[in-house]
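Undergrad: Sequence:
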Amino acid sequence: MQVGYKLPQVTFKTRVRDESIEGPNPFRWEDKTTNDYFAGKRVVLFSLPGAFTPTCSTYQLPGFENGHADFAAEGIDEIYCMSVNDSFVMNQWAKAQDLKNVKVIPDGSGEFSRRVGMLVRKDNLGFGLRSWRYAAVINDGVVEAWFEEPGLCDNHGEDPYGESSPENVLSWIKKANAEAAA
Numbered sequence: 001m002q003v004g005y006k007l008p009q010v011t012f013k014t015r016v017r018d019e020s021i022e023g024p025n026p027f028r029w030e031d032k033t034t035n036d037y038f039a040g041k042r043v044v045l046f047s048l049p050g051a052f053t054p055t056c057s058t059y060q061l062p063g064f065e066n067g068h069a070d071f072a073a074e075g076i077d078e079i080y081c082m083s084v085n086d087s088f089v090m091n092q093w094a095k096a097q098d099l100k101n102v103k104v105i106p107d108g109s110g111e112f113s114r115r116v117g118m119l120v121r122k123d124n125l126g127f128g129l130r131s132w133r134y135a136a137v138i139n140d141g142v143v144e145a146w147f148e149e150p151g152l153c154d155n156h157g158e159d160p161y162g163e164s165s166p167e168n169v170l171s172w173i174k175k176a177n178a179e180a181a182a
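Using the UniProt record's numbering, read the sequence shown as starting at 1 and increasing by one per residue.
Bear in mind the hints are in silico, worked out from the structure with no lab data behind them.
Don't take every hint at face value.
Unchecked claim - Straight-line Cα separation of at most 27 Å, DSS-like style, residue types lysine-lysine; simulated pairs:
(1) Lys13 x Lys122
(2) Lys100 x Lys41
(3) Lys32 x Lys13
(4) Lys41 x Lys95
Construct all of the structure, not just a fragment, from the sequences and the given hints.
TA: Here is the structure:
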């Protein structure tokens, strides 16, 4: 992925709350597109190997959630967390993490991850195809900055984390904003 790259057009299969539906599962299917998430906004997107996994649940997702105000102060409209998990899993993970600020995007079939070159095999962990860990600043659907963990490959023996951390992404945004203002 390169700076200046326009995100691929993908349709995401989401489940959204619908109060008109009675019963214990008041959700309906709603297709969302790349444009729905990214058009006309400056956002942070971060993607990770899987919902409910240790690094993702302990550091990366909570870091972005807790740092939301700092990102907003720097002109970030939304923060999105993507994973190659279905909408049911992503919604339950968001609920378990008590998310108020970060929005989850289910890349259930891995189509978006594949088209941005981040789909890898994680068979060594029993995951199958998953996203490599990365983050990006996206401005109106175009990559402004890219933060990819080192060692992109199938069945990597470790789970590198640092480049795509909220602290690293926020530091870059602050620097870029300061340079733009100068």
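Undergrad: Each hint: holds or not?
TA: Tested hints:
1. About 23 Å separates the Cα atoms of lysine 13 and lysine 122, which keeps this hinted pair within 27 Å; it holds.
2. Between the alpha carbons of lysine 100 and lysine 41 the distance comes to roughly 19 Å, so the proposed pair stays at or under 27 Å and holds.
3. Annotation: proposed proximity of lysine 32 to lysine 13 holds, straight-line Cα distance about 7 Å (limit 27 Å).
4. Restraint check: the Cα-Cα separation between lysine 41 and lysine 95 comes to about 25 Å, which is no more than 27 Å; the hinted pair holds.
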